[in-house]
Amino acid sequence: MAAFGIATGGSNWFSALALGVTLLKCLLIPTYHSTDFEVHRNWLAITHSLPISQWYYEATSEWTLDYPPFFAWFEYALSHVAKYFDQEMLNVRNLNYSSSRTLLFQRFSVIFTDALFVYAVHECCKCIDGKKAGKELTEKPKFILSALLLWNFGLLIVDHIHFQYNGFLSGLMLLSIARFFQKRHMEGAFLFAVLLHFKHIYLYVAPAYGVYLLRSYCFTANKQDGSIRWNSFSFVRLISLGLIVFLVSALSLGPFLALNQLPQVFSRLFPFKRGLCHAYWAPNFWALYSAFDKVLSVIGPRGFLRCLILCALSSFMFGWHVHEKAILLAVLPMSLLSVGKAVDASIFLILTTTGHYSLFPLLFTAPELPIKIILMLLFTIYSISSLKTLFRKEKPLFNWMETFYLLGLGPLEVFCEFVFPFTSWNLKYPFIPLLLTSVYCAVGITYAWLKLYVSVLIDPPVGKTKKQ
Amino acid sequence: MEKWYLMTAAVLLGLTVRWTVSLNSYSGAGKPPMFGDYEAQRHWQEITFNLPIKQWYFNSSDNNLQYWGLDYPPLTAYHSFLCAYVAKFINPDWIALHSSRGYESQAHKLFMRATVLIADLLIYIPAVVLYCCCLKEISTKKKIATALCILLYPGLILIDYGHFQYNSVSLGFALWGILGVSYDWDLLGSLAFCLAINYKQMELYHSLPFFCFLLGKCFKKGLKGKGLVLLIKLACTVVASFILCWLPFFTEREQTLQVLRRLFPVDRGLFEDKVANIWCSFSVFFKIRDILPHHIQIMISFCFTFLSLLPACIKLTLHPSPKGFRFTLVSCALSFFLFSFQVHEKSILLVSLPVCLVLSEIPFMSTWFLLVSTFSMLPLLLKDELLMPSVVTVMAFFIACATSFSIFEKTSEEELQLKCFSTSVRKYFTCFTFLPRIIQHLFLMSVITMILLTTMTVTLDPPQKLPDLFAVLVCFVSCLHFLFFLVYFTIIIMWDSKTGRSQKKIS
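Chains as they are written, first to last, in our numbering: chain A, 1 to 468; chain B, 1001 to 1507.
Worth flagging that the hints you see were computed from the coordinates, not collected in a lab.
All figures in this text were calculated on a predicted structure; none of them were measured in a lab.
Where is the CB? At the ideal position from N, CA and C, for every residue including glycine.
Check each hint, because a few of them may be wrong.
[Stated by the list, open to error] List time: in silico BS3-like cross-link candidates among lysine-lysine, alpha-carbon distance up to 30 Å:
{"no.": "1", "chain 1": "B", "residue 1": "K1323", "chain 2": "B", "residue 2": "K1136"}
{"no.": "2", "chain 1": "B", "residue 1": "K1003", "chain 2": "A", "residue 2": "K395"}
{"no.": "3", "chain 1": "B", "residue 1": "K1003", "chain 2": "A", "residue 2": "K142"}
{"no.": "4", "chain 1": "A", "residue 1": "K83", "chain 2": "B", "residue 2": "K1383"}
{"no.": "5", "chain 1": "B", "residue 1": "K1141", "chain 2": "A", "residue 2": "K388"}
{"no.": "6", "chain 1": "A", "residue 1": "K126", "chain 2": "A", "residue 2": "K183"}
{"no.": "7", "chain 1": "B", "residue 1": "K1142", "chain 2": "A", "residue 2": "K142"}
{"no.": "8", "chain 1": "B", "residue 1": "K1383", "chain 2": "A", "residue 2": "K135"}
{"no.": "9", "chain 1": "B", "residue 1": "K1233", "chain 2": "B", "residue 2": "K1220"}
{"no.": "10", "chain 1": "B", "residue 1": "K1003", "chain 2": "B", "residue 2": "K1274"}
{"no.": "11", "chain 1": "A", "residue 1": "K135", "chain 2": "B", "residue 2": "K1220"}
{"no.": "12", "chain 1": "A", "residue 1": "K395", "chain 2": "B", "residue 2": "K1141"}
{"no.": "13", "chain 1": "A", "residue 1": "K140", "chain 2": "B", "residue 2": "K1136"}
[To be verified] Partner residues are not named here, just some residues of chain A that face chain B (Cβ under 10 Å, in silico):
{"no.": "14", "residue": "A16"}
{"no.": "15", "residue": "C26"}
{"no.": "16", "residue": "E136"}
{"no.": "17", "residue": "L137"}
{"no.": "18", "residue": "M186"}
{"no.": "19", "residue": "L375"}
{"no.": "20", "residue": "I384"}
{"no.": "21", "residue": "K388"}
{"no.": "22", "residue": "T389"}
Throw the hints in and build the complete structure from the sequences for me.
Below you can see the structure in the form of structure tokens.
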């Protein structure tokens, strides 16, 4: 009994948080799901029923395979479990098939794969120093970080209602970040390479990884003032990094190279013409160009993290065909910074609150309305209050303008969802709520981006790396 | 209060769980011709909106009492009328006389679920939050944890938001009554409790402790002075509130009698369906319902009920205290549940509410009881296809309690409040030191049995000769648990005040 007692005792708050959110995810099983559900069912069917050579050519359904090969293998592995739930979902011709068993399997697969995300959060908590902590559990940075990541509103509604697999993918990214903090650079690089071959959207943050690994791993030492010591360049390290990336890519793209299908795969992954591709990257690159100089002198894993977030946010701001879900790419790593400094906490809160609110139009059905409002309130009130408590000894997190802006989200929601639908303009201009939401959130996200940019440019170089 | 944001988080979490459970099926979904409790509530909205008050409780061509006739007191009827009024604005088809029978749609389900949530939010949840904030001698963190655990209690959530009922209204009013009376706001407390009784007559299970506690207070103040004044004021409050609620039905004697006939259907027999009380379990061996005549059945249940609750009530009258009041509420409600007439399995919620209130004092036993109370309703929950939400909410509740109160470390004699009892027993049997260990082993066996029975009920088919085997097993096992808890809570009550007095004498 004592052992059982220790296991469920108050000291195991992390397990309680993780188990609690898992149970909440189980309760979200019967909620509305979007077409992404059918997308993944289709991919289960394609990878299960067809040979590899057909995977990137199959087009019975409009939702063709447009993720890199590792994700296809992932769906293939899942399909072997799926066949015990409902064999029919693996038939390519069963378009929009969604029996209750299919639903159960798909939802559980998301919940189950989130285990990687939980592990990554656990590792990230190890990287936070608890110096600022009080004795109270709920005021410890580790607790707040775990709560902010495990119970992240955006992840909950995008993965477990709308239906996607961002949980374990974000877990891979957070784990690679944690490995950098723990000075296990090779592992971090390997994890990121694997992640890229799961979902290529993470290319947005690849520059951050590239620059950081070059700067802090390939150059093994720094001068006294923190700038680069050029003669400490290690070819061995550069080559081993290259080898890792090469091997992972070979594993992923190798089979398709052998089948001469690489062009087809790339056309599925990057569905634009050549010209637009260049145009897509240009503003992104331009936005980062002026930061690279500073970035090269911003060292240490903390600097890398800021750079990564900046990359993710910049691509969100200027990228082509960006989905509002991409805001999660910036929000989740930002949580790691938010428990460190008050300035970062303030940026995080503005970014997260507006970013999460911008996800509201994803759930437009009536039964899900209370869920999204209550969960949003839960996350927002908790995040703001806990971070305010953590940094209560420093100056307030928000000035009057920012407070006003954040409070304005309430009336905006009331107007868009409760007032507007009953007015006469609803028929003539039904897009107005969406427009208002996008514009209002764009203001907040841009403001957060600018603030982060400025803080990266102004702040002195973060720390010094020890000799590797 | 400090850390208000954590309390807000606890409330919001409770609301999330409630609404996500409500996405599942309800009682009688898609099962004509009778459907279930959901249709009953919709029907009452139809009746109260379309018919004049005088016809609400009477059988007529427009109001067929065989099809979900009103059998709750007037306040339920008024609440239904209010909901119907709102329904008329949204979609009059929902409550159209006769033609809306068996109406089911996604929009209507949303409306009905919303009415439950709003009632909960207005009455029950504020009461729980206030109760936890007013708890004495515990830290803020523990108060918030208690609020979270009470709000996560699966039984109430599954019945109100799954099966579909409005128990949170009557339980909320009762809780306001308990709050008022415990903190010396006697008049407001009794008013709230009268509202509770006038919402659901099952709240009468709680009436004796209220009566004894208030009477005890009057005695303490002295029947010749302030006590008498208090007694008269209380009597006036009760009478006034009853008159106010029943005003339309007091105009004719026949009206009042008909309502009483609907509320207390003595013709329906000792019990209906499977319920985890003594009579149902007894009838497994001895068909008491068929053998004994009606009036004997009533007499027996009356005697047993009162015999089992009398000691605690007398103690409460002689030594009124808020703590004694809470525990007496538990034992009284449990006695009524086990021995009374026409008990339904949902009535266990009337016992669960007081047990929730003592969660912070005896976390281990309370958690155990609350788990068993949810388990006892398993057949009902399975019938409504609520297996997944049941399992999830039970696990969530268990984790919340285990983490908040470290219940497995609190099984010593003192923490189980059995110290006085054990000391008394050790006067006769010096080796009586193994009580905590016995209780721990019993808990383990109990959990294993509950999990086993649940798994069997879900996966296996009962044998053809005994189609109700699993339901009866569930009821029987739950009944044994409840008897054990009745003994336990009675021991706490009886031995507690004794040491309280003797300790005062010593010090």
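Comparing the hints with the structure gives:
1. Distance check on the hinted pair: K1323 of chain B and K1136 of chain B sit about 11 Å apart at the alpha-carbon level, within 30 Å; holds.
2. As the CA atoms of K1003 of chain B and K395 of chain A are separated by approximately 20 Å, the hinted pair is consistent with the 30 Å bound.
3. With a C-alpha separation of about 18 Å, the suggested pairing of K1003 of chain B with K142 of chain A holds against the 30 Å cut-off.
4. Simply put, K83 of chain A and K1383 of chain B have alpha-carbon atoms about 28 Å apart, close enough for the 30 Å limit, and the pair holds.
5. The suggested pairing of K1141 of chain B with K388 of chain A holds, with an alpha-carbon distance near 18 Å, which does not exceed 30 Å.
6. Annotation: proposed proximity of K126 of chain A to K183 of chain A holds, straight-line Cα distance about 13 Å (limit 30 Å).
7. Distance hint between K1142 of chain B and K142 of chain A is fulfilled; the C-alpha atoms sit about 20 Å from each other, no more than 30 Å.
8. Between the alpha carbons of K1383 of chain B and K135 of chain A the distance comes to roughly 48 Å, so the proposed pair goes past 30 Å and is violated.
9. Note on K1233 of chain B and K1220 of chain B: the hinted pairing holds, with a Cα-Cα distance of about 16 Å set against a maximum of 30 Å.
10. Proposed proximity of K1003 of chain B and K1274 of chain B is contradicted: the alpha carbons are some 45 Å apart, above 30 Å.
11. Restraint check for K135 of chain A and K1220 of chain B: the C-alpha separation of about 45 Å exceeds 30 Å, so the hint is violated.
12. Proposed proximity of K395 of chain A and K1141 of chain B is supported: the alpha carbons are some 26 Å apart, at most 30 Å.
13. Annotation: proposed proximity of K140 of chain A to K1136 of chain B holds, straight-line Cα distance about 26 Å (limit 30 Å).
14. Given the 10 Å rule on beta carbons, the hint for A16 of chain A holds: about 4 Å separates it from the nearest Cβ of chain B.
15. About 5 Å separates the beta-carbon of C26 of chain A from the nearest beta-carbon of chain B, less than 10 Å, and the hint is met.
16. Evaluation of the E136 of chain A hint against chain B yields a held restraint, the C-beta minimum of about 8 Å falling below 10 Å.
17. Restraint check, L137 of chain A versus chain B: the minimum CB separation of about 8 Å is within 10 Å; hint holds.
18. Among the interface hints, the one on M186 of chain A is violated; its C-beta lies about 38 Å from the nearest C-beta in chain B, farther than the 10 Å criterion.
19. Taking 10 Å as the C-beta contact cut-off toward chain B, the hint placing L375 of chain A at the interface holds, the least distance being around 6 Å.
20. At its closest, the beta carbon of I384 of chain A sits 8 Å from a beta carbon of chain B; the interface hint therefore holds under the 10 Å criterion.
21. At its closest, the beta carbon of K388 of chain A sits 9 Å from a beta carbon of chain B; the interface hint therefore holds under the 10 Å criterion.
22. Hint on T389 of chain A holds. Least Cβ distance to chain B is approximately 8 Å, under the 10 Å limit.
Hint violations for this structure: numbers 8, 10, 11 and 18, all remaining hints satisfied.
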